[in-house]
Amino acid sequence: MSVMERPEVVESAAVSPAQEPQKREVLLDLANVSLSFGGVKAINNISFDIQRGEVRAIIGPNGAGKTSMLNVINGFYQPQEGQITFKGERRTQMKPHLAVSQGIARTFQNVALFKGMSTLDNIMTGRSTRMRQNMFWQLLYYGPAQREEIAHRKRVEEIIDFLEIAHIRHTPVGKLPYGLQKRVELARALAMEPELLLLDEPMAGMNLEEKEDMSRFIIDVNEQLGTTIALIEHDMGVVMDLSDRVVVLDYGRKIADGPPDEVQANQEVIDAYLGVSH
Amino acid sequence: MFYRVSGQFKTSYESDMALFPIRQDAVLLGVILLAMYVVFPLFASEFTFKALLVPVMIYSLAAMGLNILTGFAGQLSLGTAGFMGVGAYACYKLTTIFPEMNVVVALLLSGCFSAMVGVAFGLPSLRIKGFYLAIATLASQFFLVWLFEKWAWLYNYNASGAIEVRTMDFFGLVVTGPTAAPVTQYYFVLVIVSLITFCMINLTRGRYGRLWKAVRDMDIAAELVGINLMRAKLSAFAVSSYVVGVAGAMLVFFWKGAAEPNLFDIPLSFQVLFIAIIGGLGSILGNFLGAILIVALPVLLNFVPGLIGVEVNSATLEHVNVMVVGALIVGFLIAEPHGLARLWALIREKLIIWPFPH
Amino acid sequence: MAPMAQGATFPHILLENADLYGDKPAMREKDFGIWITWSWRQVLDEVRALSFGMQHLGLEQGDKVAIVGANRPQLYWAMCAVQALGGVPVPVYSDSVAEELAYVLEHAEVRFAVVEDQEQVDKVLEVSERLPYLRHVIYEDPRGLRDYDHSQLHGLADIQRIGRALMQDNPHLHDEWVQGLDRQSGADVAVMLYTSGTTGRPKGVMLTYDNLVISARNANAFDGLDSREDTVAYLPMAWVGDHVFSYAQALCAGYCVNCPEGPETVLADRKEIAPTYFFAPPRVFEGLLTHILVRMQDAGRMKQAMFHHFLKVAERVGERLLNGQPVSLWERLYYEVGEFCVYGPLKNQMGLSRLKVGYTAGEAIGPEIFSFYRSLGLNLKQLYGQTESSVFITLQPDGEIYADTVGVPFTGVEIKIADNGEVLYRSPGSFKAYFKNEKATAETKTEEGWVHTGDAGMFLENGHLKIIDRAKDVGKLSDGSLFAPKYLENKLKFFPNIKEAVAFGDARDFACAFINIDLTSVGNWAERNNISYASYQELAAHPQVYASIAEHVSQVNKDLAREPMMAGAQIKRFLILHKELDADDGELTRTLKVRRKFIAERYAPLIEALFDGSSQKHVVTEVTFEDGRTGSIEADVEIRDVERFASADGQGMQEAAE
Amino acid sequence: MDALYLMFVDPFVQMADAPDFFLQVLWEGLVSGVLYALIALGFVLIFKSSRIFNFAQGIMVVFAALTLVGLYEMGLPAWVSVGVTLLVMYGLAMCVERVVLRPLVGQPDIILFMASIGVTMFLIGFGEFVFGGENKVMITEALGIPTGAIELNPFDGFVLIEEKDLTAVIMAVLLVLGLLLFLNKTAMGRAIRALGDDPQAALSVGISLSQIWVLVWFIAGVIALATGIVWGARAGVSFALEVIAYKALPVLMLGGLESVAGAIIGGIAIGLLEKIFEIYWGQPLLGGNTETWFAFILALVVLLFRPQGLFGERIIERV
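Chains as they are written, first to last, in the working numbering: chain A, 53 to 330; chain B, 32 to 389; chain C, 10 to 667; chain D, 48 to 366.
Treat the hints with caution; some may be incorrect.
In silico lysine-lysine, BS3-like type, Cα no more than 27 Å apart, as pairs [claimed, not checked]:
hint	chain 1	residue 1	chain 2	residue 2
1	B	Lys41	C	Lys321
2	B	Lys160	A	Lys147
3	B	Lys381	C	Lys312
4	C	Lys425	C	Lys485
5	A	Lys227	B	Lys381
6	C	Lys321	C	Lys567
7	C	Lys606	C	Lys626
8	B	Lys160	A	Lys167
9	C	Lys33	B	Lys41
10	B	Lys124	B	Lys181
11	A	Lys206	B	Lys41
12	C	Lys321	B	Lys381
13	B	Lys181	B	Lys41
Just so you know, the hints here were simulated from the structure itself, not pulled from any lab data.
Could you build the full structure based on these sequences and the hints that come with them?
Pasting the structure below:
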């Protein structure tokens, strides 16, 4: 393009957060968290934090306690020991549905969609916590309930557009191929407008093309919506590409924590992975 | 074939989320309503009102209530009749304690009592799941019937132990008791059933419908997307029991005229459950289809022996009826486990894509 | 009927439409699950805001503005906004590769580019060094563009916001804008459309407002189109057809243009809208018909029988009804039964339930396919036109439909046939000139205003024009009879079993043809008849396949014999090619048109064999596989003779097959 | 205070005052409990092998008894009637497998459950259609079941033990022992037991699912016949008996749907407790007839504290 003739007219969009090197706000902090079932320690004295705006990967061999970690973060399991601080507030007893209203949403390792509902309805359930109209208006439907429904439908349609699933809007999710189900699940999580998004193996069981799509969406979510993401993933290539920082678990302990390349070179991490048959 | 969806495009979410996004459905409903409100009252006989139309309406409503709980929220209940009984007894007590109370008000209020009882018996659903819960609902069934029998205050210490509906009027029009005209009662039932159906359709297609279905399909996931399980389940119990209670009150007030406790025993629960299942779980329409089938079947069976020239006594006919219903249930479950509503959905789908086969 | 707008330029007409039609829908776009609708008033508001915004960015009279993207309302608005400022929009094929895009943008000297999304932004930025005039790029969809350098890149909505703010600050702006419009005249260039051109670089066809407005108004009058119509905008915006159907005619008649959600949802979206005015190239109609027949094959016997029975009824009655010919009451009633059971539902499935008039053009459409649609009661017609003529040269008037002609000269169009058979026309729609290409202009448009179409054609007795072939392809057999290869090939291709055909015969003694069978269609047939085959090659060489193709060819000959000018060029010998013609091997263009010359060179031995009378020929052919590797296949290709027929007037071929 | 006394003190005073009567109550409760346990056992077997919550189990009891008596009334000798009834039960098992299970395999639980209710209805209708709807008397004597009574005199009191009840208990114990032997010692039995946990492994033994289903439903039929005989001997044979079928349900809640031991222990516990409650609390305080609901409420309360039932494993929910 040639030389500019006029001064810039439109305020240019803010620079991507990824380009800011300085220290950022800690969104979630886990301190000395332990969790056990019966006598089995699933998580053993683990501490790490998640900073606002980053993509944080949690990796480790099978049975390392990764999913348990997510379950602790969103209140599905109560850790026996340790402190969890979210948005600067220390959390005590907590129910999963409250985690959602505080701004934590997640997807699941094995797709956990509502099989009897359409894609649209599935995503709409993600808006449940934000819907206010009471039973009376719901019975009448027309009026406040309808207005609310439409307002949320608009939000959901934006997400549908964002994740490019418009063509399956009215398909029952049970009939969708696996890759798309994963995407619908992501859509449902996004519908909760979370500040922290937990993704449990978002690319498990996908082919290369689907993985690429999903990676793109995760980056888009992080960059365009500014959502902080914590993800568990087995595909090392994906982890290295996507994440800003990586924490490595093994047998419920934390064995490494840091930028991807650093973690990749860590001897203990290599050992842990080699110890697991591949 | 009849369905020509081409050209029916939506320019707003209001129209996209309308009750009948496809025009032909609305037309069809219009025709049905016309038949119900105009044609039947003009031509139906007293027998038709008493033996077919009113029972179909009332059973449909009861099944609808059950369907909210079982079909939408996934909580299997075997105790429907007990809650119907609560509605009936509540309505009876209300109209005797407050004789001036309008019968419609009493009817709609009595649902509140069954809703409360329903919530109380729904509390275990927070901890108990699946078949265990189904059996637990039987507890309410047996306990409530026992209560209707033993708590004489409920039936105003009648020597017979039964409740009898006195003659009541609605702004001068006699609507209950032996002197009420069947067509009046029919209209009453029809209007109330229409209203409640409208409300239930609204409820199930909106936020509550989604809450319930989410709990039904996967309750853990529902909790993790922020749904308060207690609220979702108990609301299902409350709404379901309310509707069931009103159906129970109508059963006594606009149809039977009197009731003994054992009317609300387990066979009625099963009758309603059959209707819901044969009609189709998770469907509002299905309740009506199921009720038509279950109510019409014995009436039709009555005619069969006459048609083929065989004399059969009424007891045998009764036995055959039970047998046929049993066989029908199994047959239906095999042919279309998702009920008549699904069958209609499939037919409708076929009509929409006609002439293509799929 | 409401009065029509009278303005001379599109912005004028828009201004009038906003008054005339106000809140009636002007545009719809399927987005976020519903058809978002803009009324004429809203469109005016959007266009005006965009116009001010672009003016603020520095758009001046005479500036060329590239429009790149799929059919989005915003891009149509951009065209109008540019025109309102005296600029010239240059729609560009959005699927063109960067190199082609660069050429057009460079040649057109565009100063602005209004593009759809990130993909197009990337393409434009990639070639921006070659575009010295380009100042600003405006995008519609901001997705993925957040981190781009925004010094010369702007969101369309942002530009509109600036425009609206300016309008608010300056109440006189609107009046100034209208005054600006009044300074323009119908003779100004409205748009520049680049024709793809089979040879050489694309040429920029300059069409004036008069060209477009008069043509559009005539066309609307011709078919009685008014503000109640709906059309679907799904063909490339850079193509003159879309420009006329979705822009010029829509503005002039005040009807609503509907933009589908995306290319993959066109079918579903068309079904929802059910357009009343619809254009599609023949291949779309062919595809639809095949789709219908394939889907019906899975139906039960009863249903199939009913379906085909009623199609037969339609064949007998439908077209006569449509043409207003006498039909007995019984037949009429029976046709209504068919309408209920079959035709109505079929039209519903195709999204053509509300069709008032449909057009097809560009290539010849198979007569069976054409009459199939017409027999269902769809008023499908053919037209003949090109970019240089603002589309319309000839059209078929209602009631005068012949499958093999393209209709009578359009309102205000004069046509003459040159000695070599080429069709020339002179019309209010004929273009002003090619941009920066006087040589080409002079070659195409004579001093008197006659434009060379490059097509050979003839007028039939009924006054309808029949197009035979590209003028330059038409040749003569050695006995002097006319040989029009494409005409023969099209006739062959109307058979579903034949996918591609290449005819040879110029300066030869007789005509011959290469045939490519349609693997889907013939494969289906083979499956039903338990004929197993491992490859295209094997299936192509199967004697039964040969037999059925030979039947097709002789059927074509029979048809040809009935046509006085064509009877001499019946096909004497043919062969089924041992491989499918492939764009990867250079045998087809990327738009899947046959590259005759290349094929003639590549398969020279086969052509020789066709003409020297041998019955078999061994060949080795190089092929390129999908992954880019090359290899070769060899085969013994059988050559067959076909029966030929005496022409209708008793002359021509006497000798039977050898 | 009176109420509190009546509820919390008086019943125990009564028990201590008349220990012989208490023993009698216990015995009655035990006999019912054993029968509940038998029916529950039929449920458990079927649930383990085919994941069907077989509502028809109770009706099979009545159907078997009705068939037996009906056949006898038609003139067949008693023991021949038993044999034929067994054949009928086998036929029933085959029909259920062919007509219900096979077409519905893989459907959601609730559908199978509904199907079993359908079977229940059908059996009621069919039984009444063939053998008539009126009450019948069990052919106790013809089968050689003793009808006398044994008097015991513990605590200087008086306890009456009817011999047919004793027979019932003995028969039940023998039946359970035989069943346990079958389940634990034979390949078929082990396959059935394994079916619940690991269908693939069970099938690898070489027994087809259909065979297992037929067998299990037949065993359930045999149990039903035995139950029908002894219960019929006590209460007569009619479809009013189906009430006892419902009694097996709280037993299942307590004992767990898949636990054989749970069914036995739960059945006896419920038999005992509901009898005691009825005699010492129900009749004096609540107007009696509390047996219709007591078991359910008891099971409900227990489940509220232990959702997995008395014999279930603690469930850890995973996502």
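List, from low to high, the hint numbers that the structure doesn't satisfy. 1 and 13
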